[in-house]
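Trainee: Per this note's numbering, residue 13 is the first one in the sequence shown, and the count goes up by one each step.
If you're looking for bench data, these hints aren't it; they were derived computationally from the structure.
The beta-carbon is built from N, C-alpha and C at its ideal position, and this holds for glycine as well.
Errors might be hidden in some of the hints.
Computed beta-carbon distance windows for the label pairs [unchecked claim]:
| hint | residue 1 | residue 2 | range |
| --- | --- | --- | --- |
| 1 | LEU147 | ARG229 | 50 to 56 Å |
| 2 | GLU152 | LEU246 | 26 to 32 Å |
| 3 | ASP56 | THR109 | 56 to 62 Å |
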Amino acid sequence: MIEEIKKSINSIFIERVSSPFYGTLIVSWLIWNWKIAYLTFFVDQKKISITKIEFIVKNYSDVWHLVYWPLISTLILLTIIPFVTNGAYWLDLKFTTWRVNQKNEIEGKRLLTLEQSIKLRSELRELEENFEKLLDKKNEEIQLLKVELNGINIPDVSGNTQTDYFNLSDYNLLKDNNLIDDFVKCYKSLESGRGKLPSDVKDPVKEFLVLNKYISRINSDYYQMTEKGRGTYLKIFNNSFKGEKISVDY
(Lines of atoms letter the chains of each structure in order from A and count residues from 1; the text may use other names and numbers.)
(Lines give C-alpha, C1' and ligand atoms only; values in the text may rest on other atoms or scores of the structure.)
Protein backbone atom coordinates (compact mmCIF):
# COMPACT_ATOMS: atom_id res chain seq x y z
CA MET A 1 0.00 0.00 0.00
CA ILE A 2 2.78 2.39 0.96
CA GLU A 3 4.68 1.55 -2.27
CA GLU A 4 1.61 2.33 -4.37
CA ILE A 5 1.21 5.69 -2.62
CA LYS A 6 4.89 6.49 -3.29
CA LYS A 7 4.52 5.59 -6.95
CA SER A 8 1.40 7.75 -7.24
CA ILE A 9 3.13 10.72 -5.61
CA ASN A 10 6.19 10.29 -7.84
CA SER A 11 4.09 10.15 -11.00
CA ILE A 12 2.20 13.30 -9.97
CA PHE A 13 5.45 15.10 -9.14
CA ILE A 14 7.08 14.11 -12.45
CA GLU A 15 3.99 15.20 -14.38
CA ARG A 16 3.97 18.60 -12.66
CA VAL A 17 7.67 19.21 -13.10
CA SER A 18 7.66 18.20 -16.78
CA SER A 19 4.62 20.38 -17.52
CA PRO A 20 5.56 23.69 -19.22
CA PHE A 21 3.28 25.66 -16.93
CA TYR A 22 4.44 24.19 -13.61
CA GLY A 23 8.08 24.17 -14.66
CA THR A 24 7.92 27.83 -15.68
CA LEU A 25 6.01 28.71 -12.48
CA ILE A 26 8.66 27.03 -10.30
CA VAL A 27 11.48 28.87 -12.06
CA SER A 28 9.62 32.20 -11.82
CA TRP A 29 8.86 31.68 -8.15
CA LEU A 30 12.53 30.90 -7.39
CA ILE A 31 13.64 34.03 -9.26
CA TRP A 32 11.24 36.28 -7.37
CA ASN A 33 11.93 34.56 -3.99
CA TRP A 34 15.58 33.71 -4.32
CA LYS A 35 16.26 35.05 -0.80
CA ILE A 36 13.96 32.42 0.70
CA ALA A 37 15.79 29.63 -1.15
CA TYR A 38 19.19 31.08 -0.22
CA LEU A 39 18.22 31.42 3.44
CA THR A 40 16.76 27.93 3.54
CA PHE A 41 19.71 26.05 2.02
CA PHE A 42 22.82 28.16 2.62
CA VAL A 43 22.41 30.26 5.81
CA ASP A 44 23.33 28.67 9.12
CA GLN A 45 20.62 28.72 11.79
CA LYS A 46 23.15 30.11 14.31
CA LYS A 47 23.50 33.37 12.34
CA ILE A 48 19.90 34.41 13.00
CA SER A 49 18.25 34.90 16.36
CA ILE A 50 15.01 33.18 15.41
CA THR A 51 14.11 30.13 13.37
CA LYS A 52 14.34 30.25 9.56
CA ILE A 53 10.59 29.84 9.15
CA GLU A 54 9.89 32.71 11.54
CA PHE A 55 12.45 34.87 9.73
CA ILE A 56 10.90 34.06 6.33
CA VAL A 57 7.36 34.79 7.60
CA LYS A 58 8.50 38.05 9.15
CA ASN A 59 10.60 39.39 6.25
CA TYR A 60 9.57 37.58 3.03
CA SER A 61 5.84 37.02 3.27
CA ASP A 62 4.77 39.59 0.67
CA VAL A 63 1.90 38.05 -1.29
CA TRP A 64 2.99 39.78 -4.51
CA HIS A 65 6.39 38.09 -4.40
CA LEU A 66 4.98 34.80 -3.26
CA VAL A 67 1.98 34.52 -5.63
CA TYR A 68 1.19 37.32 -8.04
CA TRP A 69 4.56 38.16 -9.59
CA PRO A 70 5.47 34.49 -10.20
CA LEU A 71 2.05 33.92 -11.86
CA ILE A 72 2.35 37.05 -14.01
CA SER A 73 5.89 36.10 -15.04
CA THR A 74 4.73 32.61 -15.93
CA LEU A 75 1.91 33.92 -18.14
CA ILE A 76 4.29 36.31 -19.89
CA LEU A 77 6.86 33.58 -20.53
CA LEU A 78 4.23 31.17 -21.87
CA THR A 79 2.26 33.62 -24.05
CA ILE A 80 4.05 36.82 -24.98
CA ILE A 81 7.61 35.51 -25.20
CA PRO A 82 6.79 32.84 -27.88
CA PHE A 83 5.22 35.55 -30.05
CA VAL A 84 8.28 37.73 -29.65
CA THR A 85 10.58 34.79 -30.43
CA ASN A 86 8.59 33.79 -33.51
CA GLY A 87 8.55 37.39 -34.68
CA ALA A 88 12.29 37.65 -34.30
CA TYR A 89 12.74 34.37 -36.21
CA TRP A 90 10.44 35.64 -39.00
CA LEU A 91 12.42 38.86 -39.31
CA ASP A 92 15.67 36.89 -39.42
CA LEU A 93 14.32 34.74 -42.27
CA LYS A 94 13.21 37.86 -44.16
CA PHE A 95 16.62 39.49 -43.84
CA THR A 96 18.39 36.24 -44.80
CA THR A 97 16.22 35.87 -47.92
CA TRP A 98 16.81 39.50 -48.86
CA ARG A 99 20.58 39.10 -48.39
CA VAL A 100 20.68 35.96 -50.57
CA ASN A 101 18.61 37.64 -53.31
CA GLN A 102 20.89 40.66 -53.32
CA LYS A 103 23.96 38.45 -53.50
CA ASN A 104 22.53 36.44 -56.43
CA GLU A 105 21.55 39.62 -58.26
CA ILE A 106 25.02 41.12 -57.90
CA GLU A 107 26.75 37.87 -58.89
CA GLY A 108 24.45 37.55 -61.92
CA LYS A 109 25.54 40.97 -63.17
CA ARG A 110 29.23 40.39 -62.53
CA LEU A 111 31.32 39.46 -65.58
CA LEU A 112 33.39 36.30 -65.61
CA THR A 113 37.12 36.63 -65.14
CA LEU A 114 39.53 35.44 -67.83
CA GLU A 115 40.40 32.31 -65.81
CA GLN A 116 36.73 31.48 -65.29
CA SER A 117 36.00 31.92 -69.00
CA ILE A 118 38.88 29.63 -69.96
CA LYS A 119 37.77 27.03 -67.44
CA LEU A 120 34.18 27.21 -68.69
CA ARG A 121 35.26 26.79 -72.31
CA SER A 122 37.43 23.84 -71.34
CA GLU A 123 34.53 22.15 -69.55
CA LEU A 124 32.22 22.73 -72.55
CA ARG A 125 34.83 21.34 -74.94
CA GLU A 126 35.25 18.26 -72.77
CA LEU A 127 31.49 17.72 -72.68
CA GLU A 128 31.32 18.01 -76.47
CA GLU A 129 34.16 15.48 -76.90
CA ASN A 130 32.48 13.04 -74.53
CA PHE A 131 29.21 13.46 -76.40
CA GLU A 132 30.90 12.82 -79.74
CA LYS A 133 32.60 9.71 -78.38
CA LEU A 134 29.31 8.44 -77.05
CA LEU A 135 27.63 9.17 -80.37
CA ASP A 136 30.37 7.34 -82.30
CA LYS A 137 30.04 4.36 -79.99
CA LYS A 138 26.29 4.22 -80.53
CA ASN A 139 26.78 4.50 -84.30
CA GLU A 140 29.20 1.57 -84.21
CA GLU A 141 26.67 -0.48 -82.26
CA ILE A 142 24.00 0.39 -84.82
CA GLN A 143 26.28 -0.61 -87.69
CA LEU A 144 27.08 -3.91 -85.98
CA LEU A 145 23.38 -4.60 -85.62
CA LYS A 146 22.93 -3.84 -89.30
CA VAL A 147 25.75 -6.25 -90.13
CA GLU A 148 24.11 -8.97 -88.04
CA LEU A 149 20.74 -8.35 -89.69
CA ASN A 150 22.27 -8.41 -93.16
CA GLY A 151 23.82 -11.78 -92.37
CA ILE A 152 20.37 -13.37 -92.19
CA ASN A 153 19.08 -14.94 -95.42
CA ILE A 154 15.57 -13.57 -96.01
CA PRO A 155 13.43 -15.25 -98.67
CA ASP A 156 11.94 -13.02 -101.36
CA VAL A 157 8.48 -13.40 -102.88
CA SER A 158 9.74 -15.98 -105.39
CA GLY A 159 10.94 -18.28 -102.61
CA ASN A 160 14.67 -17.76 -103.36
CA THR A 161 17.14 -16.49 -100.81
CA GLN A 162 19.23 -13.35 -101.19
CA THR A 163 22.40 -15.43 -101.54
CA ASP A 164 21.16 -16.88 -104.84
CA TYR A 165 22.66 -13.88 -106.70
CA PHE A 166 25.74 -15.00 -108.69
CA ASN A 167 27.71 -14.16 -111.83
CA LEU A 168 30.45 -16.45 -113.12
CA SER A 169 32.72 -13.50 -113.99
CA ASP A 170 32.72 -12.47 -110.33
CA TYR A 171 34.07 -15.83 -109.29
CA ASN A 172 36.66 -15.87 -112.09
CA LEU A 173 37.89 -12.39 -111.09
CA LEU A 174 38.78 -13.65 -107.64
CA LYS A 175 40.24 -16.86 -108.94
CA ASP A 176 42.46 -15.13 -111.54
CA ASN A 177 43.89 -12.83 -108.86
CA ASN A 178 44.48 -15.66 -106.33
CA LEU A 179 42.13 -14.05 -103.84
CA ILE A 180 39.81 -16.97 -103.17
CA ASP A 181 41.33 -17.74 -99.77
CA ASP A 182 41.28 -14.11 -98.61
CA PHE A 183 37.72 -13.68 -99.80
CA VAL A 184 36.54 -16.78 -97.90
CA LYS A 185 38.24 -15.49 -94.73
CA CYS A 186 36.46 -12.15 -95.12
CA TYR A 187 33.13 -13.86 -95.76
CA LYS A 188 33.34 -16.02 -92.65
CA SER A 189 34.38 -13.07 -90.50
CA LEU A 190 31.63 -10.75 -91.72
CA GLU A 191 28.85 -13.32 -91.76
CA SER A 192 29.66 -14.30 -88.20
CA GLY A 193 28.36 -10.87 -87.18
CA ARG A 194 31.65 -9.35 -86.06
CA GLY A 195 31.63 -6.71 -88.80
CA LYS A 196 35.44 -6.59 -89.06
CA LEU A 197 37.78 -8.15 -91.59
CA PRO A 198 40.55 -10.57 -90.50
CA SER A 199 43.77 -8.84 -89.47
CA ASP A 200 45.88 -10.97 -91.86
CA VAL A 201 43.98 -9.68 -94.91
CA LYS A 202 46.08 -6.90 -96.42
CA ASP A 203 44.69 -3.45 -97.16
CA PRO A 204 45.05 -3.73 -100.97
CA VAL A 205 42.94 -6.88 -100.86
CA LYS A 206 40.31 -5.08 -98.81
CA GLU A 207 40.22 -2.25 -101.32
CA PHE A 208 39.97 -4.73 -104.19
CA LEU A 209 36.97 -6.42 -102.57
CA VAL A 210 35.31 -3.08 -101.85
CA LEU A 211 35.90 -1.57 -105.29
CA ASN A 212 34.59 -4.71 -107.01
CA LYS A 213 31.57 -4.70 -104.69
CA TYR A 214 32.16 -8.05 -103.01
CA ILE A 215 31.95 -6.22 -99.69
CA SER A 216 30.81 -2.72 -98.69
CA ARG A 217 32.47 -0.40 -96.20
CA ILE A 218 30.30 0.88 -93.35
CA ASN A 219 33.05 2.99 -91.80
CA SER A 220 36.81 2.81 -91.41
CA ASP A 221 36.64 -0.38 -89.31
CA TYR A 222 33.38 -2.15 -90.19
CA TYR A 223 32.26 -3.87 -93.38
CA GLN A 224 29.40 -6.04 -94.60
CA MET A 225 28.95 -8.58 -97.38
CA THR A 226 27.08 -7.60 -100.52
CA GLU A 227 24.66 -9.84 -102.42
CA LYS A 228 27.35 -10.18 -105.05
CA GLY A 229 29.76 -11.42 -102.38
CA ARG A 230 27.28 -13.91 -101.00
CA GLY A 231 26.55 -15.30 -104.45
CA THR A 232 30.26 -15.63 -105.22
CA TYR A 233 30.86 -17.46 -101.97
CA LEU A 234 28.07 -19.88 -102.86
CA LYS A 235 29.91 -20.74 -106.09
CA ILE A 236 33.16 -21.26 -104.18
CA PHE A 237 31.42 -23.42 -101.62
CA ASN A 238 29.81 -25.58 -104.33
CA ASN A 239 33.13 -25.95 -106.15
CA SER A 240 34.72 -27.30 -102.99
CA PHE A 241 32.51 -30.39 -103.40
CA LYS A 242 33.77 -30.81 -107.00
CA GLY A 243 37.39 -31.22 -105.96
CA GLU A 244 38.61 -27.63 -106.23
CA LYS A 245 41.06 -27.15 -103.35
CA ILE A 246 40.69 -24.10 -101.12
CA SER A 247 43.03 -23.64 -98.18
CA VAL A 248 40.36 -22.26 -95.86
CA ASP A 249 38.53 -24.92 -93.83
CA TYR A 250 34.77 -25.15 -94.11
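Trainee: Confirm or reject each hint.
Mentor: Each hint, compared with the structure:
Restraint check, LEU147 to ARG229: a C-beta distance of roughly 20 Å breaks the suggested window 50 to 56 Å. Restraint check, GLU152 to LEU246: a C-beta distance of roughly 29 Å satisfies the suggested window 26 to 32 Å. At roughly 59 Å, the beta-carbon separation of ASP56 and THR109 lies within the given 56 to 62 Å, and the hint holds.
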